[in-house]
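Sequences are here, hints too, so could you generate the full structure?
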Amino acid sequence: DNLSEVVREVPALRISVRVNIDDRNSGDIEGLIDLLSERGFGGRDNFKMYFAPIEAMTEGCHNVEAVTLSKSRYAQLEAQLYRHGYQARLTGLPYPPRFHGSCAAVRPRGFVIVPSGEIHKCWDTVNDPGRAIGDLFDLDAINENALSRAWLKWTPFNNETCRNCKILPNCSGACAFKFVHSGSQRGEAAILPCPSWKYNLRERLLLRAVEMGALTRSDYDEELTRTDPRELCAEVHVDGGAPLPPEMQSVYQQLTGKKGRSLPVMQPGVTV
8 DNLSEVVREV PALRISVRVN IDDRNSGDIE GLIDLLSERG FGGRDNFKMY FAPIEAMTEG
68 CHNVEAVTLS KSRYAQLEAQ LYRHGYQARL TGLPYPPRFH GSCAAVRPRG FVIVPSGEIH
128 KCWDTVNDPG RAIGDLFDLD AINENALSRA WLKWTPFNNE TCRNCKILPN CSGACAFKFV
188 HSGSQRGEAA ILPCPSWKYN LRERLLLRAV EMGALTRSDY DEELTRTDPR ELCAEVHVDG
248 GAPLPPEMQS VYQQLTGKKG RSLPVMQPGV TV
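Residue numbers (my numbering): 8 to 279.
Just so you know, these hints were derived from the structure itself, not from any lab.
Here the structure is a predicted model, which means the values were calculated and not measured.
Certain hints may be false.
Claimed, not checked - Straight-line distance between alpha carbons at most 20 Å, and here's what the computed DMTMM-like set of lysine to aspartate or glutamate pairs gives: (1) Lys55 with Asp35; (2) Lys55 with Glu218; (3) Lys160 with Asp147; (4) Lys55 with Asp8; (5) Lys55 with Glu16; (6) Lys55 with Glu45; (7) Lys55 with Asp41; (8) Lys173 with Glu238; (9) Lys173 with Asp235; (10) Lys55 with Glu37; (11) Lys55 with Glu12; (12) Lys160 with Asp131.
What follows is the structure in structure tokens.
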């Protein structure tokens, strides 16, 4: 009732509800959408909802690995939920995101500062003082911090799997944390850096086409048009760079049958 009153009485306040999903609640989200719609939240400019997978990203959440959804399973569920949510006027139409720049964590002036004065590069590390890159009381030390340098040196173009993926111009490597701290994650969902829309790209575009009147659902077969992420990453590798970190590599190979090669970095003016 309090939320309903705020949405109704304070239209200038925009509320975005994030719904975290794992195996335990995956079957209940459509019911939540229906409930919010029945309570009058649908169609309001200042209230929207969106979905996100629960992932065992850090050591503190390894205990949820067993209930996390695989990339493909979550992506297919997400596509269904966006269809249901859009029809209930609670979500927008999903689409592959435009590139608006890399994550702030890999930018020289991107920082997260916690109340103690610790400085981090990513909000996923703020509960771990050991992953701080410095503090407000010794700013010069940040430039010498090895972890800080690792964040700033990271680029998806150093990785052959990312460099040969067709969605790289939009994705930009997705989550740099998963590379910089590649040994922290557990489970496929957290280990693989790829965003969910790599696994439901067609479903998103088809939903958009149907809702905008360009197609009807009878114009296509949902099974035949299902997204196959293996089609988005090229077989041919470009010289230079490095393979995925070992933790990612083993999962990636299980899913795709591909194994990235470690190739020499090409130097300007040098031929081999």
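### Query
Between Lys55 and Asp8, is the straight-line Cα distance small enough, at 20 Å or below?
17 Å, holds
### Query
Is it true that the CA of Lys55 sits at most 20 Å from the CA of Glu45?
14 Å, holds
### Query
Going straight from one Cα to the other, do Lys55 and Glu218 come out at no more than 20 Å?
The given pair, whose Cα atoms are some 18 Å apart, holds under the 20 Å limit.
### Query
If you draw a straight line from the CA of Lys173 to the CA of Glu238, is it 20 Å or shorter?
9 Å, holds
### Query
Lys55 and Glu37: Cα distance at most 20 Å?
15 Å, holds
#### Entry: Proposed proximity, Asp41 with Lys55 (alpha carbon, max 20 Å)
It holds: about 14 Å lies between the C-alpha atoms, which stays within 20 Å.
### Task
Quickly compare the C-alpha distance for Lys55 and Asp35 to 20 Å and report which way the hint goes.
18 Å, holds
### Query
Given the hint that Lys173 pairs with Asp235, does the C-alpha gap stay at or below 20 Å?
13 Å, holds
### Message
Hint check: Lys55 vs Glu16, CA-CA at most 20 Å. Holds or violated?
### Response
Measuring from Cα to Cα gives roughly 16 Å; hence the hint holds.
#### Entry: Hint consistency between Lys55 and Glu12 [alpha-carbon to alpha-carbon, up to 20 Å]
Distance ~15 Å between Lys55 and Glu12 Cα, so the pair holds.
### Distance restraint between Lys160 and Asp147, which requires alpha-carbon spacing of 20 Å or less
18 Å, holds
### Query
Is the Cα-Cα distance between Lys160 and Asp131 20 Å or less?
Roughly 19 Å separates the two Cα atoms, so the pair holds.
In this structure, every one of the numbered hints holds.
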